[in-house]
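Student: Sequence:
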Amino acid sequence: MEHSDSTNAKVIFALTLVHFIGDFYYSFVNPLLPTFADKYSLTLTQVGLIVAISRLLAFIIQPWVGYFADRFRTRFFVLGGPLFAVIFISLVGIAPNFLILLLFISFGAIGTSMFHPPSAGMVSTYSGKHSGFSMSIFNMGGTFAFGVGPLFITYFVSHYGLGVSPFTMLFGLVVMAILFKITPLPRQEPLGGLGLLDTLKEVLGTVWKSIVLIWVIMVLRAFTSDSFMTYMPVLYAKEGYSLVSIGSLISIMTVAGAISGLMAGHLSDRFGYKPIFHIAHTLATPSLYLLLYLPGNWVFFSAFWVGFFSMATLPLGLAMALELAPKGKSMIASLMMGLAWGTGGMIIPLVGKLADIFSIRSVLFFVAMIPLLSNSLISLLPAKKLKQP
Numbered sequence: 001m002e003h004s005d006s007t008n009a010k011v012i013f014a015l016t017l018v019h020f021i022g023d024f025y026y027s028f029v030n031p032l033l034p035t036f037a038d039k040y041s042l043t044l045t046q047v048g049l050i051v052a053i054s055r056l057l058a059f060i061i062q063p064w065v066g067y068f069a070d071r072f073r074t075r076f077f078v079l080g081g082p083l084f085a086v087i088f089i090s091l092v093g094i095a096p097n098f099l100i101l102l103l104f105i106s107f108g109a110i111g112t113s114m115f116h117p118p119s120a121g122m123v124s125t126y127s128g129k130h131s132g133f134s135m136s137i138f139n140m141g142g143t144f145a146f147g148v149g150p151l152f153i154t155y156f157v158s159h160y161g162l163g164v165s166p167f168t169m170l171f172g173l174v175v176m177a178i179l180f181k182i183t184p185l186p187r188q189e190p191l192g193g194l195g196l197l198d199t200l201k202e203v204l205g206t207v208w209k210s211i212v213l214i215w216v217i218m219v220l221r222a223f224t225s226d227s228f229m230t231y232m233p234v235l236y237a238k239e240g241y242s243l244v245s246i247g248s249l250i251s252i253m254t255v256a257g258a259i260s261g262l263m264a265g266h267l268s269d270r271f272g273y274k275p276i277f278h279i280a281h282t283l284a285t286p287s288l289y290l291l292l293y294l295p296g297n298w299v300f301f302s303a304f305w306v307g308f309f310s311m312a313t314l315p316l317g318l319a320m321a322l323e324l325a326p327k328g329k330s331m332i333a334s335l336m337m338g339l340a341w342g343t344g345g346m347i348i349p350l351v352g353k354l355a356d357i358f359s360i361r362s363v364l365f366f367v368a369m370i371p372l373l374s375n376s377l378i379s380l381l382p383a384k385k386l387k388q389p
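Residue numbers (my numbering): 1 to 389.
Simulated from the structure, these hints should not be mistaken for lab results.
Cβ atoms here follow ideal geometry from the backbone N, Cα and C, with glycine treated the same way.
There may be inaccurate statements among the hints.
As the list claims (entries may be wrong) - Straight-line C-alpha distance at most 27 Å; calculated DSSO-like pairs for lysine-lysine:
1. Lys10 <-> Lys327
2. Lys39 <-> Lys274
3. Lys39 <-> Lys353
4. Lys327 <-> Lys201
5. Lys327 <-> Lys238
6. Lys10 <-> Lys181
7. Lys209 <-> Lys274
Unchecked claim - Pair by pair, the computed Cβ-Cβ distance ranges are:
8. Val174 <-> Asp198: 41 to 51 Å
9. Trp208 <-> Lys10: 30 to 40 Å
10. Ile357 <-> Met263: 15 to 25 Å
11. Met369 <-> Phe180: 38 to 48 Å
12. Tyr40 <-> Ile357: 16 to 26 Å
13. Gly161 <-> Val207: 44 to 54 Å
14. Trp64 <-> Leu185: 12 to 22 Å
15. Met369 <-> Ser245: 26 to 36 Å
16. Ala9 <-> Asp356: 40 to 50 Å
17. Thr45 <-> Arg270: 43 to 53 Å
18. Lys201 <-> Pro96: 41 to 51 Å
19. Phe180 <-> Thr282: 35 to 45 Å
Could you build the full structure based on these sequences and the hints that come with them?
Tutor: Pasting the structure below:
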């Protein structure tokens, strides 16, 4: 089916709400890492293992989800995914041991993997000529969820205890009831009976080199932000910050990322993707150093700029890839959102191992250089807008 030049705001809103509710519950995991570490006496390597497994199941398997989602006209992936996250992540507080905790997080992560590819692909279908801005709106749903989710769960756990986390499920179930009424069926992609590898060849075609380049840049971005999101809470907990303060830091970062994502999406529609990538990645590195070394309440100030610059390009990589390879939207979305973020997250245990040997700050000092260094790859991106108004 051909694209319309007009944007279907109702569908974009529904998909943004899907993104919000799924990521809202998934966002509970990182701010509760200090609580899990204390309850189960975890090492930093084990903390990294929680993140790695959740990233593996939430993101690495997304290409398979994208493959099937492109072939079946069903809402099972779009709505079943967030429902899994709502149910299983809410149960983490009653896990009797570390293994069951991993099991609950794993099922919640699988739910996350289910809805991201088809919902992002649907945004591209219904965005019209405002692809960058529509994708940034969709991205804002997830980023805003990662902003308010940590603040909500840390406040809730601090006041009522970890054991009552299943009660948080109620909010999600109400939202899911609304989504079942307003979310449309995805449009089936014309990929016939191709297998996974043949589908990749058909979808990527002659632009595969550009897609790989975008993917590598997105992996580096994900690895950097995930490293800080995983280990800064543990570091600040050791330095005496309260659980609510830690949740607030994560919320500030992610809300700032939602704001910058909207700005980046709007500006990319006017000036192209490449200049926005260069500016954001150049300024991300100094902001990360501010977070590492500014003392006291200055960390809240630093957290805003970390989120603002390190997350600004998240929707841009996806929008660029979908413009370059418009076939198999769920598959492309799974590569940019899932495989890229998951690959970056899978390296997190290595950061934890090094932090066990040296220190968290020492390791993150070198990680903070990555965005600035990635400008050499960004310089190879297309120089002009991909889609002319």
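Student: If a hint holds in the structure, say so; if it doesn't, say that too.
Tutor: Do the hints match the structure? See the list:
At most 27 Å may separate the alpha-carbon atoms for a hinted pair to count; Lys10 and Lys327 meet this at roughly 23 Å. Distance restraint check for Lys39 and Lys274: the Cα-Cα separation of roughly 45 Å exceeds the 27 Å cut-off, and the hinted pair is therefore not satisfied. Restraint check for Lys39 and Lys353: satisfied, since their Cα atoms lie roughly 20 Å apart, inside the 27 Å limit. Pair hint Lys327 plus Lys201 holds up; C-alpha atoms about 11 Å apart against a cutoff of 27 Å.
With a CA separation close to 48 Å, the supplied pair Lys327 and Lys238 exceeds the 27 Å bound. About 12 Å separates the Cα atoms of Lys10 and Lys181, which keeps this hinted pair within 27 Å; it holds. Between the alpha carbons of Lys209 and Lys274 the distance comes to roughly 16 Å, so the proposed pair stays at or under 27 Å and holds. Checked against the hint of 41 to 51 Å, the C-beta distance between Val174 and Asp198 comes to roughly 42 Å, which is consistent with it.
Trp208 and Lys10 have their C-beta atoms about 35 Å apart, which keeps the hinted 30 to 40 Å range intact. Taken as a hint, the range 15 to 25 Å is violated for the pair Ile357 and Met263, whose Cβ atoms sit roughly 39 Å apart. Between Met369 and Phe180 the C-beta distance comes to about 46 Å, which sits within the given range of 38 to 48 Å. Here the CB-CB span from Tyr40 to Ile357 is close to 21 Å, well matched to the stated 16 to 26 Å.
For Gly161 and Val207, the Cβ-Cβ distance of about 52 Å falls inside the hinted range of 44 to 54 Å, so the restraint holds. Between Trp64 and Leu185 the CB atoms are about 21 Å apart, so this pair conforms to the stated range of 12 to 22 Å. Judged by the Cβ atoms, the range 26 to 36 Å given for Met369 and Ser245 holds: they are separated by roughly 27 Å. Roughly 49 Å separates the CB atoms of Ala9 and Asp356, a value that falls within the hinted 40 to 50 Å.
Distance hint check for Thr45 and Arg270: the Cβ-Cβ separation is about 45 Å, which falls inside the suggested range of 43 to 53 Å. In this structure the hint that Lys201 and Pro96 lie 41 to 51 Å apart at CB holds, the actual value being about 47 Å. Checking the proposed 35 to 45 Å range against Phe180 and Thr282 shows it holds: the Cβ atoms sit about 44 Å from each other.
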